[in-house]
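Enquirer: Between the sequences and the hints, there should be enough to build the whole structure, so can you do that?
Residue numbers (numbering that gives the first Met the number 0), protein chains in the order written: chain A, 0 to 296; chain B, 0 to 131.
No wet-lab data here; the hints were simulated from the structure. Here a beta-carbon is modelled for each residue, glycine too, at the ideal position from N, C-alpha and C. Hints may contain errors.
Cut-off 25 Å, straight-line C-alpha distance, at most; resulting in silico cross-link-like pairs (SDA-like, lysine to any residue) [stated by the list, open to error]: (1) LYS89/B to LYS106/B; (2) LYS45/B to ILE217/A; (3) LYS261/A to LEU102/B; (4) LYS94/B to LEU271/A; (5) LYS33/B to TRP165/A; (6) LYS94/B to ASN268/A; (7) LYS9/B to THR274/A; (8) LYS170/A to LYS33/B; (9) LYS113/A to GLY158/A; (10) LYS113/A to GLU39/B; (11) LYS45/B to SER276/A; (12) LYS107/A to SER36/B; (13) LYS2/B to ILE217/A; (14) LYS170/A to GLY71/B; (15) LYS68/B to TYR57/B; (16) LYS9/B to PHE272/A; (17) LYS212/A to ILE21/A; (18) LYS9/B to GLY254/A; (19) LYS187/A to LYS94/B; (20) LYS100/B to ASP225/A; (21) LYS9/B to ASN255/A.
Simulated coverage check for chain A against chain B, where a stretch passes if three residues somewhere in it have a Cβ under 8 Å from a Cβ of chain B [what the hints assert, rightly or not]: (22) 164-173; (23) 190-197.
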Amino acid sequence: MLEVSNLSKKFGNFQVLENININAEKNQIYGLVGSNGCGKTTILKHIMRIYKEDEGYISFDGEEVLEGSEIIKDFYYVQDILYFPYQYTLNKLFQYEKLMYENMSEEKFQYLLKYFNVDGNKVLNKMSKGQKKQAAFVLAIAAQPKLLLLDEIVDGLDGVIKRKFWDVLLKEVMENSMTVIISSHDLKELDNICDKVGIMHEGKILKEENLEKMKEEIKRVQFAVDGEFDLGELKEYNILKTTKIGSVYICTLTGNIEDLRKYLQSNYNLLLFDTLSMSLEEIFITELGGVGYGKEE
Amino acid sequence: MIKIDNNNPKAIYEQIYDEIVRLIMSKVFKPNDKLPSVRELASMTKINPNTIQKAYKYLEDDNYIYSIKGVGNFVKDAEELRNLHMRNLKEELYKIIKSLKELGLTKDELIKIVNEFIEPGIEGGESNVGSK
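Expert: Put into C-alpha cells, the structure is as follows:
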C-alpha cells in the first residue's frame, strides 16, 4: 500500500502541491484525475523521489520512502513524455533495465512484445507516440514492480491497443498484487475500472474516494411537478447544481433520493421523477464546479 | 454478452448481477456451467475486477451460483433456480401491486389488468393495457 501524507511543495513562490493525501491499496487501480496543470505528474515524481517535498512524507507498505531507499527498486514509473537513450531499441533497453530491476522477466517481455506486436529491434526514438507508449508499457509490466505509476498512458493509443492495455493491466493487478496509480485526463477511460479515484485541482486533492461509493453518494434526478414550485424547499437534500429545462428540473444532489421523491409526491402532483446515473466525468465536473472551475459566467 | 448501460442509475455490480441472472434464466448459462472468470469478465466489459467479484458474491449469496475455490464459479441446479427465481419474481410483483394500490387502484381494477395480460382481448376492446 502506498501512502502519501500531507505532501506540500513550492516551486519558487508557486504552491504546486498543497497537503496531498493519497492512499492506494494493493491489488487496486488508483485513478489520479484532474484539470490540466493541477500537479498530477509532480505527485508521481515525488513518489519516485525525483522531487523532494517541502513537507509531508511518503511510505510504501509502512516503510518511509526516502531518496536512495531500497524499496524504490520495486517502483516503476512510465512518464507521460517518453525519452529513450539515443539509438536504443526496445531489446537493448530491456537488457539494460534487466540490470536495474531484479524481477525483470524475459518470458513476460517476449510474450508482451508479441501480444502488442511491438518491434523490439526498431530504434525507440523513431517510433510514433503510441508505439513508444506501448514499448514503455511492455517494459513496465515485464519489470513486475510492486508499485506501477502510469502517467497519461492511454493518451495516444488507439481503441484496439487500449483494450489490450487494460487486459494486461487487469491481469497483473489481480494476479501479481501490484499497486497501480494511473493519471489521466481521459475520464471515460478510467470510469468503472478504477477502485479509487483522487480528484485534483490546483495542487489539491478535492476528493479521494472509492469510485463505486462516489457514485452512490452523488446522484442526479430529473423531475417535474404541477403548478408553482420553489427550489428553496429542497435545501435539506443538499442540491449541488440545478438546471431547468421547460418545467423539468435536473438536480445534482447528495441527499437521499427516495426521501426527495416522497417529499415531492406528498406535497405536489409529481408528473415526472427519474434517477439518472453520473459518470466519473460528470462527477469530476460537479466537484470542480464546486470550486469555481469551468463555470460559464 | 454482458451489457452495461452507463446511463442506468443502477450500480454497475447490480447491472452485472441482473445480466448474469438473465443469462442463467434464458439458459445461455446452463446448470453446472462454469461462468466466465472475474478477470475474463473484467477485461471483456472493462469493469473493475473488484466490482465483478462483488456481483459474483451477491449471486452466490442469493443462491444463483456456487463457487469452488481455485476452480471458478458455477451455475446452480435447475430446479433450485426455478424456485428461487419464482420467489424473487413474486416479491417484485408484490411490490408493483403495492405501488398500484398506493396509486388508488381497486382490487377489481387490478384483477382486470392481470386478466388482460394473461388473456389479451377477452375483456373487450376499450382498455387494452399492454396488449397490441
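Enquirer: For each hint, tell me whether it holds in the structure or not.
Expert: Hints and how they fare:
1. LYS89/B to LYS106/B: Distance of about 18 Å is within 25 Å: holds.
2. LYS45/B to ILE217/A: 22 Å, holds
3. LYS261/A to LEU102/B: OK: LYS261/A and LEU102/B at ~13 Å, within 25 Å.
4. LYS94/B to LEU271/A: Roughly 20 Å separates the two Cα atoms, so the pair holds.
5. LYS33/B to TRP165/A: 24 Å, holds
6. LYS94/B to ASN268/A: Between LYS94/B and ASN268/A the Cα gap is close to 22 Å, so the pair holds against 25 Å.
7. LYS9/B to THR274/A: 9 Å, holds
8. LYS170/A to LYS33/B: Answer holds: LYS170/A to LYS33/B is near 19 Å, not above 25 Å.
9. LYS113/A to GLY158/A: 18 Å, holds
10. LYS113/A to GLU39/B: The given pair, whose Cα atoms are some 20 Å apart, holds under the 25 Å limit.
11. LYS45/B to SER276/A: Holds, at roughly 18 Å.
12. LYS107/A to SER36/B: Satisfied, since the Cα-Cα distance of roughly 22 Å is no more than 25 Å.
13. LYS2/B to ILE217/A: Status holds; Cα separation ~23 Å.
14. LYS170/A to GLY71/B: Cα-Cα ~16 Å, so holds.
15. LYS68/B to TYR57/B: 16 Å, holds
16. LYS9/B to PHE272/A: Measuring from Cα to Cα gives roughly 15 Å; hence the hint holds.
17. LYS212/A to ILE21/A: Status holds; Cα separation ~17 Å.
18. LYS9/B to GLY254/A: Given that 25 Å is the threshold and the Cα spacing comes to 17 Å, the pair holds.
19. LYS187/A to LYS94/B: At roughly 36 Å apart (the allowed maximum being 25 Å), LYS94/B and LYS187/A break the hint.
20. LYS100/B to ASP225/A: Holds. LYS100/B to ASP225/A sits at ~22 Å (cutoff 25 Å).
21. LYS9/B to ASN255/A: It holds: about 15 Å lies between the C-alpha atoms, which stays within 25 Å.
22. 164-173: holds (count 6)
23. 190-197: holds (count 5)
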